[in-house]
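Top line first, the protein sequences correspond to chains A and B.
Under my numbering, the first residue of the first sequence carries the number 1, and numbering increases by one thereafter.
Under my numbering, the first residue of the second sequence carries the number 1001, and numbering increases by one thereafter.
Any given hint might turn out to be false.
[What the hints assert, rightly or not] Sample of chain B residues facing chain A (criterion: CB under 10 Å; computed from the structure):
{"#": "1", "residue": "L1004"}
{"#": "2", "residue": "Q1005"}
{"#": "3", "residue": "Y1007"}
{"#": "4", "residue": "I1030"}
{"#": "5", "residue": "L1038"}
{"#": "6", "residue": "G1098"}
{"#": "7", "residue": "P1101"}
{"#": "8", "residue": "A1185"}
Everything labelled a hint here was simulated from the structure, so no lab data went into it.
Please read these numbers as outputs of a predicted model, since none were measured by experiment.
C-beta: ideal position from N, C-alpha, C; glycine also.
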Amino acid sequence: MNISFNLNGSATNLEVAPGESLLQALRASRVFSVKLGCETGDCGSCTVLLDGQPVNSCMVVAARVNGSHVTTMEGLLGDDLMIRLQTELVEHGAVQCGYCIPGLLISLYALVKQGPSCGGEIDEEVIRHALTGNLCRCTGYVKPVEAARAVVAAMEVPK
Amino acid sequence: MWNLQEYRIASSPAEAVALMRKGPGKGAYIAGGTDMLLEHPACDFVVDVNNAGIGDIARTPGGDLFLGAAATLQGLVDNNFVREFAGGAISKSASQCGNRPVRSTATVGGNLCNALPSADMAPVLLALDATCYIADEDCQESLPLTDFFVGPRMTVLEDRLLVGVALPGECAGWRCAAHKLTRTAEDISLVQVAVSLGMDDGKIQEARIALGAVSPVPMRAVLAETMLAGQEITAVTPDVLRDVATIAAGECDPLDDHRASAEYRRDMVNVLTRRLITRILTDDGDNMEGGAA
Ligand SMILES: Cc1cc2nc3c(=O)[nH]c(=O)nc-3n(C[C@H](O)[C@H](O)[C@H](O)COP(=O)(O)OP(=O)(O)OC[C@H]3O[C@@H](n4cnc5c(N)ncnc54)[C@H](O)[C@@H]3O)c2cc1C
Ligand code: FES
Ligand code: FES
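Please put together the full structure from these sequences, using the hints given.
What follows is the structure in structure tokens.
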């Protein structure tokens, strides 16, 4: 079946099988920032934005995104907020093998863009809650959180 | 890859049921797909219900809270009506389901229709007297959530569609607290308990105690509830609480499995029931607010 959607700002048509996941469809289209880790919705290395919300692309049927906006790391390169997040992750030594990083960045990007649902501050608890779906086997769960706090501290938090 | 022949998209509840019945072969509804993509159940086609107009969250003029079946768990976390209802208990339970990206697509309807004994949205909704709305091709039926589950992974639906659940306006002011006991934050619940109390005039007017993961279907501990209803708050002494919690633990029917023994699960129903009632009766309500991000 054919689906058309907006991928990273460009109108895109793809031929997909009815049971194919968005992860499989994106990688088949050479969108390689989207990583296959577990395919069970646990690791977050396949995280993308679907209409602005972070989702595990392995847990979304490709057919469903017909008419939607999908954003991956490729579409956020050069974005101001993304550059700040990337810089702080590197500064804080939060990047080792890099496998989890695109998914982690997408989750952090969505958090900082949207702010917490209660409208309060993006504090450590909120950051940790937002990263519950992103596993990192290399650096663990201190450095990415510190990096996110640095980004938040350096900017006006959207209310 | 999941071996599907066709992906159908419904634009109304009636169309969803019609597409399901049209055949050929075996069909299944799909909402968020977070259970379906994990399990790849054998079927020929799926009917996507995300555009069927059943995703809204609304407060009716009478004060009832309606949660459309295709409302996402993150939607329940974020929505102000849900955050205000019964101290935000439903938002809080939703915020503890899965992880952030899962909650963006996982729906409340999918959680209930999958009908696992451990479905995390069931206890809090049972404790707030939820009613289910079910669509057939040309009619709707409603029934209490207590009658919706008929066994592990079985509901009354057959090939009909869950449209949503409604919580009566009277429950909006009830004090509700729930606890999900797990080995790790990401794991399936070992035990869940949700308690809600409607209090007025220094009395517990209404009491609900709902249990998850400790019987073939999510359930209410009705005997224990009866012991609380009508009591003066000051009459709920530690002895009374111990009796109520012991009765609740006696009402469930847990399994032994690799996660926990039946005995442990039953003990935890006892402990959590006691703690949650105490928390509701002694709290000023502040730390029962709905979840974080
Ligand atoms: C990593 C991960 C963590 C998870 N953690 C939790 C957790 O902590 N707690 C928990 O309870 N669950 C958890 N789940 C399971 C799952 O995410 C939830 O049960 C979710 O709410 C299911 O909703 P869905 O919309 O994705 O369902 P789907 O997969 O779309 O559907 C589930 C079932 O419901 C049926 N269905 C869906 N909508 C309807 C409808 N409107 N009418 C009739 N039938 C319908 C489908 O046919 C299917 O049988 C987790 C899943 C993953 C992948
Ligand atoms: S590959 Fe999707 S969450 Fe792990
Ligand atoms: S940097 Fe290697 S998994 Fe996170």
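Now the hints, each set against the structure:
1. Annotation: interface hint on B:L1004 holds; nearest CB of chain A at approximately 3 Å, less than 10 Å.
2. Hint status for B:Q1005 relative to chain A: holds, with the closest Cβ pair at about 6 Å, below 10 Å.
3. With a least beta-carbon distance of about 4 Å to chain A, the hint placing B:Y1007 at the interface is held under the 10 Å criterion.
4. Interface restraint check for B:I1030: the shortest CB-CB distance to chain A comes to about 7 Å, inside 10 Å, so the restraint holds.
5. Because the beta carbon of B:L1038 sits about 6 Å from the nearest beta carbon in chain A, less than 10 Å, this interface hint is met.
6. Interface restraint check for B:G1098: the shortest CB-CB distance to chain A comes to about 7 Å, inside 10 Å, so the restraint holds.
7. Nearest Cβ of chain A to the Cβ of B:P1101: about 5 Å, under the 10 Å cut. The hint holds.
8. Because the beta carbon of B:A1185 sits about 7 Å from the nearest beta carbon in chain A, less than 10 Å, this interface hint is met.
In this structure, none of the earlier numbered hints is contradicted; all agree with it.
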